[in-house]
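J.: With these hints in hand, go ahead and build the complete structure from the sequences.
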Amino acid sequence: MVPERIFGFPTRHQGDPDRVAVLLPGGGYMPARPLLHYARTVLAHHGWTVQEVWWEPPTAGSYAEREAWVVERARAAVDAESAGQVLLVGKSLGTLAASFAAERRLPAIWLTPLLNVESVVAGVRRSQEPTLLVGGTADTVWDAELVRGLGHPYLEVPDANHGMEIVEDPVRSAGILRDVTAEMARFVSGLRS
Numbered sequence: 001m002v003p004e005r006i007f008g009f010p011t012r013h014q015g016d017p018d019r020v021a022v023l024l025p026g027g028g029y030m031p032a033r034p035l036l037h038y039a040r041t042v043l044a045h046h047g048w049t050v051q052e053v054w055w056e057p058p059t060a061g062s063y064a065e066r067e068a069w070v071v072e073r074a075r076a077a078v079d080a081e082s083a084g085q086v087l088l089v090g091k092s093l094g095t096l097a098a099s100f101a102a103e104r105r106l107p108a109i110w111l112t113p114l115l116n117v118e119s120v121v122a123g124v125r126r127s128q129e130p131t132l133l134v135g136g137t138a139d140t141v142w143d144a145e146l147v148r149g150l151g152h153p154y155l156e157v158p159d160a161n162h163g164m165e166i167v168e169d170p171v172r173s174a175g176i177l178r179d180v181t182a183e184m185a186r187f188v189s190g191l192r193s
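If you read the sequence shown in UniProt numbering, its first letter stands for residue 1, the second for the next number, and so on.
Each hint should be verified, as a subset may be incorrect.
[Claimed, not checked] Restraint ranges, calculated between C-beta atoms of paired labels, are given here: (1) V167 to Q128: 32 to 40 Å; (2) G8 to G151: 39 to 47 Å; (3) Q14 to V171: 30 to 38 Å; (4) E56 to R148: 34 to 42 Å; (5) E168 to G8: 30 to 38 Å; (6) T11 to R178: 24 to 32 Å; (7) E4 to G149: 38 to 46 Å; (8) Q85 to A122: 19 to 27 Å; (9) D179 to G149: 16 to 24 Å; (10) V167 to G27: 17 to 25 Å; (11) T137 to R33: 19 to 27 Å; (12) R192 to Q14: 16 to 24 Å.
Note that these hints are calculated values from the structure, not bench results.
From the three backbone atoms N, C-alpha and C, an ideal C-beta is built for every residue, glycine too.
T.: Put into structure tokens, the structure is as follows:
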């Protein structure tokens, strides 16, 4: 069950009830962090209802166990919706739902996808729905050659780490956030309604 409020703020942002985006956070990257916050604002600007998923993931276990945990939460959030169109937006750990997205034929935005996990790669490869991949060249789980062969649009940011930042350059990091936000806006505007 997704809480209705976190720290007094709503986790659901009402828009078109027939278009719902579900935000799946990372292990330590919650929906209030910049990439997911701006994903929410882009979606809201385009009229989508946005449901944030907040979680405290397990700290131990294999990727298979963590993937099952993430998919269970993604499935619960998606199954709670009656919308005709559902979009998944996942950051890092949340991208372990890529196979679920392919199975359900859901479009997706994957921010810093875990491309070192075969099930994530297989899910993205299998997806026939619009899928946007976003990552940086300084992220150890980003694989530029692999991404180019997946057949989906992507944004690759030079020198960006797994948080899509350049630690020693906050001004460039803010520019990266702007670029990622603009790419998400282009992607969302191209989704059929």
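J.: Would you mind marking each hint as holding or not holding in the structure?
T.: Now for the hints, and whether the structure bears them out:
Separation of V167 from Q128 is about 37 Å and conforms to the stated range, judged on CB atoms against 32 to 40 Å. In this structure the hint that G8 and G151 lie 39 to 47 Å apart at CB holds, the actual value being about 43 Å. Separation of Q14 from V171 is about 35 Å and conforms to the stated range, judged on CB atoms against 30 to 38 Å. Range check, E56 to R148: about 35 Å between beta-carbon atoms, so the 34 to 42 Å window is met.
The hint said 30 to 38 Å for the Cβ distance between E168 and G8, and at roughly 35 Å that hint holds. As the Cβ distance of T11 to R178 is approximately 25 Å, the hint placing it in 24 to 32 Å holds. Our hint of 38 to 46 Å for E4 and G149 holds, since their Cβ atoms are close to 42 Å apart. In this structure the supplied range 19 to 27 Å holds for Q85 paired with A122, their Cβ-Cβ distance being about 24 Å.
Take D179 and G149: their Cβ atoms lie about 23 Å apart, and the range 16 to 24 Å holds. Our hint of 17 to 25 Å for V167 and G27 holds, since their Cβ atoms are close to 18 Å apart. Hint check: T137 to R33, Cβ distance near 21 Å, so the stated range 19 to 27 Å holds. At roughly 21 Å, the beta-carbon separation of R192 and Q14 lies within the given 16 to 24 Å, and the hint holds.
In summary, this structure violates none of the numbered hints.
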